Each structure stands twice: as C-alpha cells, then as structure tokens.
Amino acid sequence: EAAVTQSPRNKVAVTGGKVTLSCNQTNNHNNMYWYRQDTGHGLRLIHYSYGAGSTEKGDIPDGYKASRPSQENFSLILELATPSQTSVYFCASRDRGRDTQYFGPGTRLLVL
Amino acid sequence: DAKTTQPDSMESTEGETVHLPCSHATISGNEYIYWYRQVPLQGPEYVTHGLQQNTTNSMAFLAIASDRKSSTLILTHVSLRDAAVYHCILRVDIASSSFSKLVFGQGTSLSVVP
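First to last, the sequence lines map onto chains V and G. When we follow the numbering used here, the leftmost residue of the first sequence carries the number 1, and every step to the right adds one. When we follow the numbering used here, the leftmost residue of the second sequence carries the number 1, and every step to the right adds one.
Keep in mind the hints are simulated off the structure, nothing from the lab.
Ranges between beta-carbon positions, derived for each pair:
no., chain 1, residue 1, chain 2, residue 2, range
1, G, V39, V, D62, 24 to 32 Å
2, V, S70, G, S66, 40 to 48 Å
3, G, E45, V, N10, 18 to 26 Å
4, V, S54, G, H77, 43 to 51 Å
5, V, A52, G, S111, 36 to 44 Å
6, V, S54, G, A65, 31 to 39 Å
Now the stretches of chain G that chain V is said to cover, found in silico as 3 or more residues with beta-carbon under 8 Å:
no., segment
7, 41-55
8, 100-112
Computed from a prediction, not measured in an experiment: that's the story for all the values here. A virtual CB, placed ideally from N, CA and C, is assigned to each residue, including glycine.
Okay, chain V solo, but in the shape it has when bound:
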C-alpha cells in the first residue's frame, strides 16, 4: 500500500508569517499534488509536480508556492499567510501504473 506522510499535522500561524507544509512519499511516484479542502468546495488543486525539480500551477495557486527538491519530497509554501488560507491541506502522489492517487492524512492549518 502506498504511503504518503505529511508534517506537521496541525499548525497555527500568524497573518503575514511564512508557513511550510511538507509531504513525503516513499513509493517512487513521479507525480505529486497539493490540494486544499474547505467546507462547500471539496478538494481543490493548488500545485502539482511531474518529478524532482518541477512544479506547476493548479487551479488555485495564488498565495502559494511549491518546491520539489527530490522524488520523495514536495513542499507547499505560504510566504505571507492570510486567514483565508485557513484550511485542511492534502498531499497526494500518483501511481501511474494503477492510475490512482494516494493521499496523505492532511495538515490542518489555522491562520490567525
């Protein structure tokens, strides 16, 4: 079973501060994704990556940056956090052979 881990699991940040959310997968999947989940919107795609060194904008990239320094790690960066970025963030990696995305447990971010 594919394993995707996220850290931290919970985070409280202040408005204007920098926040980094980390994701790690040990399945050697090339494709990785960051989503956010808010009540009334389901999961929405923020950034994705084809592989190490690549990042691409998803559907709602404003206010977020991403970094993929290695096959295993994919980070989501909020340079200047705002209360509207309070949400639950999920990372996923994709098994192209099975055409299936595997999700991490999520990070709950509260921006005060």
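Keeping the supplied structure of chain V fixed, place chain G upon it in accordance with the hints.
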C-alpha cells in the same frame, strides 16, 4: 467547478446494500470516473474507477450508465466502518500536458446505523 453532482447525505443499515448515485452530465469521452471515500481526520482513500464498463473489486461495484452521464457506487453488506464521505470524481486531462487531475465535488456523507 465541480463536474459531478451527488446527494448530500444518505443513510443505510448494517448488512444492507447501498446505492450511491452520481450525475456527471457534461462528462467528456476520455474522462474517467473515480470514487474515493474519506473519514474524518484522514485523507481520501481510493475505492474504484472506470471509463465505460462496470467494474468490481473487493470494496465496491461501479455501475456506469451506457451514456456515461451517471454512475452508481454499490456497496454490499455495509458495516459501521463503511460510514464515510464518498466522493464521485472525474479525472480530467490538463490541456497541453500529459498530466491529469481529479476534480472533486462535495461528496455524499453515508451514515450506517446498527
């Protein structure tokens, strides 16, 4: 924007078979239908997916209408552990790339009573 429509909630009794409907009236020919489920404080978990033919696995049976405008996830002999939000999702190709993304809707919250 979500491309699928599901009822907000459904209820079932342990041991019964439950049919979870999903409408995707604007689906394109190459878009796959995926189902994931999610319990509180966890990420979505893959259930099944299909393109045109019905599919079955250890978790569920997916029935896809012949015109592909709707599908139904069928769970047999449900238990309390099947209580979750069930997401009906379309896999959409990203233009000018070989990448695809999952477009989530709101999902159906399934409750199971003893």
